[in-house]
Amino acid sequence: MLAGAVCGVLLLAIPAVAQPDFPDRSPTLWSEHTIDLSLAEAVALGLRRNYSIRSLKLQRLRERFDLRVAQDRFNPQLKLRATHTFSRGSTDRTRASEAAPTVSVLGEYGTRLELGWKQQLNASKNTGERQSDGLDLAVIQPLLRGAGKDVATASLLQARLTEQINRLNARASVSQTLFDIISGYHGLLKSQNQVVLATQALARTVSLLEVNTLLIASGRVAEFEKVQIEADIASQELALEEANNQLETSRLMLLKLLALDLSTIIRATGTLDVTRPEIDRYAALKLAQTKQPQFLATMLQSEVASINLLIAQDQARWDLSWVAGVNQLREQGTQGGGRTWGSYTGLKLEIPIADMALRQGKVNAQTQVEQQALIQQEARTDLERQITDSVRGLSTQWRQLQISQRLTDLSRRKLAIETDKLNVGRSSNFQIISFESDLRAAEDANLNARISYLDASARRDVLLGVLLENWEISLEDF
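Numbering-wise, this note's numbering comes out as the position in the sequence shown, counting from 1, plus 553.
Don't read these hints as lab results, they were simulated from the structure.
Zero decoy hints are in this set.
Label pairs and their in silico Cβ distance ranges: (1) Arg621 <-> Thr802: 41 to 47 Å; (2) Asp973 <-> Gln729: 50 to 56 Å; (3) Ala787 <-> Arg615: 56 to 62 Å; (4) Gln729 <-> Glu1029: 16 to 22 Å; (5) Val922 <-> Trp670: 42 to 48 Å; (6) Gln924 <-> Gln672: 51 to 57 Å; (7) Val780 <-> Val977: 18 to 24 Å; (8) Ser657 <-> Asp686: 17 to 23 Å; (9) Ala926 <-> His586: 55 to 61 Å.
Remember, predicted model here, so these are calculated numbers, not experimental data.
Ideal Cβ positions, reconstructed from N, Cα and C, are used throughout, including at glycine.
Let the hints inform the model, and build the full structure from the sequences given.
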């Protein structure tokens, strides 16, 4: 269940446009096993059960472990190596055992410290048994390739940036899935209301037929007059069948998004109330530049490309390292033994000559940096375009909603007046049927305008990167 109340961006009372006259759902449309579902409950179910989100959680386990591996690079690394062999020849038989644990540590300036201990045991029929053990300590300090803190820690910084990008991508994925659930819920709510509107229209036409039957019986209307009404009834029945079919499609779509059994009968209990938030395009653009996951991930990709270029340039250098070490060896056996020690220091140089792979790495990394600069410019332009379209689109949809509501009210009033005129013989069935068709079209337009505005509001929150915050959803587990 979501923590806290549902954010007021989507479901608030509308100040300027009156709420449409959508009556309660007819109980005959639902079975006694119908599950009522609010939008908040649908979102909570989706966050727990949606297939994409559950798959994303598994993916994030792998990605977080990748960061742990990169961080572990600077921790002591222990290796254990052991051998035990038997050999037989024409003159002798031998048995040899060796154990050699090694510990190495990589410093943040590229310095590598290696400490190893080796114990050997050799036994043969002719020479007897001989045992030795020794300690070896070595220090390797790169002077060119791999030298310096920037180069030595580049892979760790790259892994941390990659983890930030992965988190942003996960946030974007969850936001899109949340929007799909909200849109699917709105789709079910729309389908339910379409069934209600179609049922009401059919009931009004049937009522008109009953009135005409009485008028025909009294001789005030000719028999053929009811043919128009019967044809309109057939049309309304066809529309009701289509509405019921769309209701089933919307139900299955939402059940799939919520990963519920497709045989579950659910009913959306949300409302179609909307509000008009005041949106400033410049403020919205500034907010999106600090919140939108896709935009932020694109900005970070540029830093990753720069690190790749640093690594590629470093790989093209000569491998010059200072090496030093000390060792100690103790031997004992049937023929005596002793202890020795030694030390060494020097330089190690490796020069790549005509290695095109190194040049290839530099060229690839350099072009990636330049490409990312272009991608960043395009991302800024595209974000500004999307924000501008979203703000303008919401304003347009708000005006369309106002117009459709006014049209619905006038069409309903027009039909009522014409019905009163029919009762006193001053109108015709044709006029009533025509006005009924106008009212049905206006109700459909108003319903579509409300659903479109709700979806557009949620889509705007996705674009701004605030949809999860508005729903008080934390991604600490991702």
